[in-house]
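Residues per chain are reported as follows:
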Amino acid sequence: MSPVTVIVGTSIGGVRTAQGLRAAGYDGEVLLVGEETALPYDKPPLSKGLLAGTSSIEDLTLLTERAAREAGIRLLLGRAATGLDIGTNTVTLADGERLRYDDVVIATGARARPSPWGEPRGVHVVRTLGDAQRLAVDLRRGGPLVVVGAGFIGAEVAATARGLGAADVTMVDPAPVPLSRVLDPEVARWFAGLHAGHGVTTRFGVGVEGIDRARDGLVVRLADGARLPAATVVVGIGAVPQDGWLRSSGLRIDDGVVCDRYSRAVGTEHVHAVGDVARWPHPRAGELVRAEHWTNAVEQAACVAHNITRPRQPRAHAPVEYVWSDQYDHTIQLTGRTGGRLGHLTVPGPDPDRSFAVLYADAEGTFTGAVTVNWPRALVACRQAVGTEAPAAEVRDRVTAARPRTTTGARP
Amino acid sequence: MAVVKADLALCQGYANCVVAADDVFDIDDDGVVLVLRGEVPESERPRIVDAARTCPVSALEVADS
Ligand SMILES: Cc1cc2nc3c(=O)[nH]c(=O)nc-3n(C[C@H](O)[C@H](O)[C@H](O)COP(=O)(O)OP(=O)(O)OC[C@H]3O[C@@H](n4cnc5c(N)ncnc54)[C@H](O)[C@@H]3O)c2cc1C
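Chains as they are written, first to last, in full-length UniProt numbering: chain F, 1 to 412; chain G, 1 to 65.
Here chain F stands alone, though its shape is the one from the complex (with noise of 0.2 angstroms):
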């Protein structure tokens, strides 16, 4: 009998993983199964084009039953896993049908921190398909947004609204500058000014007591005591592991599965976890970290994947940190350690009003990560640099000599 490989939650994690699988020659039968009936899609254009409506949900589709069944992937949409049985190798589905595996990927993701301010019509957050096509709807009727949380999903949005053409977008935060978990004070407050130069009114270092409603839509009040009239609201107050189904598994559950350093489940030889529901213990972080950014989901996917197909040469996860953003027409990237007590310093790129680089550095001086604006070259030389131990002030070198390569011909 072939081995079964059971991969539950179908977004990027669990369908890189199928696609792995057969990229690394698995010969055995692949299972994906997600509680969503959508086809499998991707999440970072739900705060950006498809909320505009610049791309489509085919634009969005990580996989079609046509590009399933070639690859020899079985596809079971609209089945929710409700429990892991790790003494007889089996998930739980919702509708009691019990499949049995070899090797088990939890790929079940996260989902959107809910409103602590409960969620009368109008309140939103971004997490799914549908609570993007629900947004975009209210977007179009028009009125004042409020916009809940300054962190990558709240500032797309505020962005996005703005060039859909909303005249009274606000972005409250509690803390005292947007993006406060990833940048230090004084590069956040760049990123407070580029929202309030877009013509968004910023709340920074005040936070939310209440939405409530009102005869004609919504009031969001603040802990100074100002009442702000939305339309509609946005949380965007960040995400927590979809782990719940796991509870009765014996697995070590923490925020997130608990991982060894292959992204098996501690404890485990066949039971994987990829995406924005795995921690796992980072070489150079030194501590279990849990990431929630796309190219992490795709790189520990092919992890796995090969550490499935095979499991006597397993491969660590030991990723370079990369997330990008996209707000207004700025290209934000962000990678290695970077912010908090971190020491910086500040690079201007080829065009100074619009581009820069931030180099952090720790206290012996050793680069630890950057934040590049609408410079991608920098940010590939800065990504290539993380954990190489390599001075900040080397680093700095290599970005200012970072030119084009001159390929005369390579472009059409």
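Don't read these hints as lab results, they were simulated from the structure. Treat the hints with caution; some may be incorrect.
[Said to hold, decoys possible] Now the stretches of chain F that chain G is said to cover, found in silico as 3 or more residues with beta-carbon under 8 angstroms:
1) 70-80
2) 324-334
[Said to hold, decoys possible] Distance condition first, Cα-Cα at most 25 angstroms in a straight line; then the derived DMTMM-like pairs of lysine to aspartate or glutamate:
3) G:K5 x G:D50
4) G:K5 x F:E70
5) G:K5 x G:D26
6) G:K5 x G:D64
7) F:K48 x F:E29
8) F:K48 x G:E42
9) G:K5 x G:D28
10) G:K5 x G:D23
11) G:K5 x G:E42
12) G:K5 x G:E61
13) F:K48 x G:D23
14) F:K48 x F:D353
15) F:K48 x F:D59
16) F:K48 x G:D29
17) G:K5 x F:E58
18) F:K48 x F:E292
19) G:K5 x F:D42
20) F:K48 x G:D7
21) G:K5 x F:D353
22) F:K48 x F:E58
23) F:K48 x G:D64
24) G:K5 x G:D30
25) F:K48 x F:D329
[Said to hold, decoys possible] Some residues of chain G that are not near chain F, with every Cβ distance over 12 angstroms (derived):
26) M1
27) A2
28) D26
29) P41
30) S43
31) E44
32) A63
33) D64
34) S65
From the three backbone atoms N, C-alpha and C, an ideal C-beta is built for every residue, glycine too.
Assemble chain G with the ligand onto chain F, guided by the hints.
Just chain G with the ligand, lined up with the frame of chain F:
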């Protein structure tokens, strides 16, 4: 030989391809991909296919020549 193609209109400068295979992909100052080698030998195809698949907007394709 395998042919490496880039859709310059789709490219967003996310640069995953350059990090995956900087002997085949680079990026210019405008943040658009440069294909350094438009053709790669069959022996290199799997690595370049993997690199192309890291593109978040599927702007890269490795085709038969
Ligand atoms: C709006 C938005 C914009 C983003 N933009 C960027 C960006 O610009 N750059 C970047 O790097 N990252 C971005 N991200 C993050 C990136 O999309 C995630 O890191 C990525 O989606 C993680 O993939 P995943 O497969 O691990 O999990 P998820 O995408 O969360 O998918 C999990 C899947 O599992 C399914 N599932 C959950 N529980 C069960 C169950 N019990 N049974 C069956 N199926 C289940 C879910 O329905 C879902 O389909 C963005 C995310 C969002 C939401």
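Take the C-alpha atoms of K48 (chain F) and D329 (chain F), compute the straight-line distance between them, and say whether it is at most 25 angstroms. holds (11 angstroms)
Holds or violated: K5 (chain G) with D64 (chain G), Cα cutoff 25 angstroms? holds (11 angstroms)
Does the structure keep K5 (chain G) and E61 (chain G) at a Cα separation of 25 angstroms or less? holds (5 angstroms)
Quick one: see if chain G covers the segment 70-80 of chain F, three-plus residues with Cβ-Cβ under 8 angstroms. That given contact is violated, which follows from only 0 residues of the segment 70-80 of chain F lying within Cβ reach (below 8 angstroms) of chain G.
Measure nothing beyond the straight line between the CA atoms of K48 (chain F) and E292 (chain F); if it is 25 angstroms or shorter, mark the hint as holding. This hinted pair holds, its Cα atoms lying about 17 angstroms apart.
Over 12 angstroms to the closest beta carbon of chain F is the bar; see if D26 (chain G) clears it. violated (6 angstroms)
25 angstroms limit on alpha-carbon distance, applied to hinted pair K5 (chain G) and D353 (chain F): Roughly 32 angstroms separates the two Cα atoms, so the pair is violated.
Hint check: K48 (chain F) vs D29 (chain G), CA-CA at most 25 angstroms. Holds or violated? holds (23 angstroms)
Going straight from one Cα to the other, do K5 (chain G) and D42 (chain F) come out at no more than 25 angstroms? This hinted pair holds, its Cα atoms lying about 22 angstroms apart.
Hint check: K48 (chain F) vs E58 (chain F), CA-CA at most 25 angstroms. Holds or violated? Satisfied, since the Cα-Cα distance of roughly 15 angstroms is no more than 25 angstroms.
Test the statement that S65 (chain G) is away from the interface with chain F: the closest C-beta pair must be farther apart than 12 angstroms. holds (17 angstroms)
Given hint E42 (chain G) paired with K48 (chain F) - CA-CA distance at most 25 angstroms: violated (37 angstroms)
Hint check: violations occur at hints 1, 7, 8, 13, 21, 23, 28; the rest are consistent with the structure.
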